[in-house]
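Engineer: Chains A, B, C and D supply the protein sequences, listed in that same order. Note that the numbering used here gives residue 20 to position 20 of the first sequence, counting from 1, and the numbers run on in steps of one. Note that the numbering used here gives residue 96 to position 96 of the second sequence, counting from 1, and the numbers run on in steps of one. Note that the numbering used here gives residue 20 to position 20 of the third sequence, counting from 1, and the numbers run on in steps of one. Note that the numbering used here gives residue 5 to position 5 of the fourth sequence, counting from 1, and the numbers run on in steps of one.
Don't read these hints as lab results, they were simulated from the structure. The model shown is predicted, which means the values in this text are computed figures rather than measured ones. Check each hint, because a few of them may be wrong.
Taking lysine-lysine and the DSS-like style, the derived pairs with C-alpha atoms no more than 27 Å apart in a straight line are [unchecked claim]: (1) D:Lys-152 / C:Lys-73; (2) A:Lys-36 / D:Lys-117; (3) D:Lys-152 / A:Lys-84; (4) C:Lys-117 / B:Lys-117; (5) D:Lys-152 / C:Lys-152.
Some, not all, of what chain B presents toward chain D, calculated at C-beta under 10 Å [stated by the list, open to error]: (6) Gln-54; (7) Leu-88; (8) Thr-89; (9) Ile-93; (10) Val-97; (11) Thr-99; (12) Ala-100; (13) Thr-108; (14) Pro-109; (15) Phe-110; (16) Phe-113; (17) Ile-114; (18) Leu-115.
The beta-carbon is built from N, C-alpha and C at its ideal position, and this holds for glycine as well.
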Amino acid sequence: MMTERRPNGEAVAALLSAMIGLLTMGLVHTGTDASKDFSTWVLSVGKAWIPNAQGLGPYSGKETFLLVTWILSWVILHFVLRKKDVRLTVPVIIFVVGTALATLLVYTPFIEFILGK
Amino acid sequence: MMTERRPNGEAVAALLSAMIGLLTMGLVHTGTDASKDFSTWVLSVGKAWIPNAQGLGPYSGKETFLLVTWILSWVILHFVLRKKDVRLTVPVIIFVVGTALATLLVYTPFIEFILGK
Amino acid sequence: MSSEDPSPLVTIAGWVVVTAFLALIASTTAPFGAFLGDTQYAVVSTVHGMLATLGVIIGTVATYLGWRLFTGKIRAFTDLRILSVLSALIATGTVLFGNWIYVAYRATGGPREFFLKNNPEIHEIFFEFKEFIALFTIPLSIAAAFIIWRYKDQVIGDRPLRTWVFIAIMIAWTALMIAFLLGAGITKVRSV
Amino acid sequence: MSSEDPSPLVTIAGWVVVTAFLALIASTTAPFGAFLGDTQYAVVSTVHGMLATLGVIIGTVATYLGWRLFTGKIRAFTDLRILSVLSALIATGTVLFGNWIYVAYRATGGPREFFLKNNPEIHEIFFEFKEFIALFTIPLSIAAAFIIWRYKDQVIGDRPLRTWVFIAIMIAWTALMIAFLLGAGITKVRSV
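With the sequences and hints as input, model every part of the structure.
Structural biologist: This is how it looks when you write it as structure tokens:
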């Protein structure tokens, strides 16, 4: 029975990488609100591959950052953690706090609060 | 075990009476479309007890017919059928066809079709 | 090694705290009033829409459990009992608030007048149908809840009866979704 | 005496026939075009809204089953496996169509311009939040579906893991409902 059991590392990788992607998106979004130059660059990232990225604006680049950091961190964490069995307390806390922070970072009144606008 | 079993008559009463109420509403609605006088009378039924029935129009009377025929037929069927165990085939067919007819009778293109408008 | 760590209750408690914190931020900073418009029906319409949405959520889960009942594989019968009653209550509440809005809909200068002038089909076909199909949910959901409570576990073992109950639930749920979607569509075109 | 009569399959078949008949009448006589408006985005918007509604239906049942998983009382694990994948697919599809509409939303003369002039909070707070919170559903629902498929029944017996999966599902569902309701609210005020 124990030999059949799959270590929980892959699950940790799947959930943490989802949070990482979302948190990155929140940070990038906040960054575009803080700096016009950064916003232009984020738009250029979207234009690199999304059809009609001009119509979507910087949002296209933010989606790109979500996608790339999510998938990339998932692949890395998957292979780092796949054979490991980890205590879930700390990862769960990181996940909940990180996702909550990601939520705040796409909420305009909070962004204006931390940017001091 | 068999002595504990409740006869299915009460269930038949509950479901058939729901259908009867809805079908009555459909017939009344069709009637108001066919006759202006009938429509005025239906409105007066609603005015008898619903606050602001004037604002609701004849709809208030149609709701009243639904409510009264549903509850009344439920009470009657409940006491008629409560001790009976009936085969469900025929009641189910009546229920499905009656509910389908009720649906058609609140659908304007169908009403206009049967009224020949 | 990780089989009891973290404690589910502690974890859920933590999640509730975070959610409550975010909700607090939202409720103190989000200008929800921007959606309300300035008519006297703003609050009534909002309650109606919220009840309708709650009805979709609760009614959908109740219908899923009705399906499990039909296939004879239900284990969450207690949930079905609770949700069937909630569905009936929410359906009734939604219709009551809907009646209230209907007065505004029919009033001079209201959406009905607008539709009859610009888009008569929306009133004559879709709205007329919506105002009646929404009523289907009340007797059907009450009948289903009555049977589920009255017959208790007996309904699980009675295949013809549970089939009929499922049919009634499906008709009620279909009526609910039609009324919900037509309501959303109509209010999009012209609201009270 | 009534325990096998009528046959459930015959009854359901009868109900399907009746429903199909009614659907046929509706599809040949109902002027659904009245809701579409005449912009080139009419069809895209309709698909987006229908997918979002389907997402609410499927996602709500999946979340209910996530709750059963969390409480350790799930029996319909197969259903959860199917619905978790469907939820992830529908979330992705809805966002793709949403992107398409977003172009129209941002265009000159589109809703964004209207809101910034008349009701800036609707764009700056609600729409900005909606466009991002909707994206939360994708990685979260895919992560949950991945774990449910990868760990199979093992996730049922692993309390901490199933708790975490339920939290992820709940966040995804909350994000879905927020995006759905804000979307309905915004399109009510001004649609593309």
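Engineer: State for each hint whether it applies.
Structural biologist: Hint check:
1. D:Lys-152 / C:Lys-73: This hinted pair holds, its Cα atoms lying about 20 Å apart.
2. A:Lys-36 / D:Lys-117: Answer holds: A:Lys-36 to D:Lys-117 is near 22 Å, not above 27 Å.
3. D:Lys-152 / A:Lys-84: 18 Å, holds
4. C:Lys-117 / B:Lys-117: 20 Å, holds
5. D:Lys-152 / C:Lys-152: 33 Å, violated
6. Gln-54: 28 Å, violated
7. Leu-88: Hint on B:Leu-88: holds, closest Cβ of chain D at ~6 Å, below 10 Å.
8. Thr-89: 4 Å, holds
9. Ile-93: 7 Å, holds
10. Val-97: 7 Å, holds
11. Thr-99: 8 Å, holds
12. Ala-100: Since chain D brings a Cβ to about 5 Å from B:Ala-100, closer than 10 Å, the hint holds.
13. Thr-108: 9 Å, holds
14. Pro-109: Since the shortest Cβ distance to chain D is 4 Å, the answer is holds.
15. Phe-110: 7 Å, holds
16. Phe-113: 8 Å, holds
17. Ile-114: 12 Å, violated
18. Leu-115: Hint on B:Leu-115: violated, closest Cβ of chain D at ~15 Å, above 10 Å.
In this structure, the hints that do not hold are numbers 5, 6, 17 and 18, in rising order.
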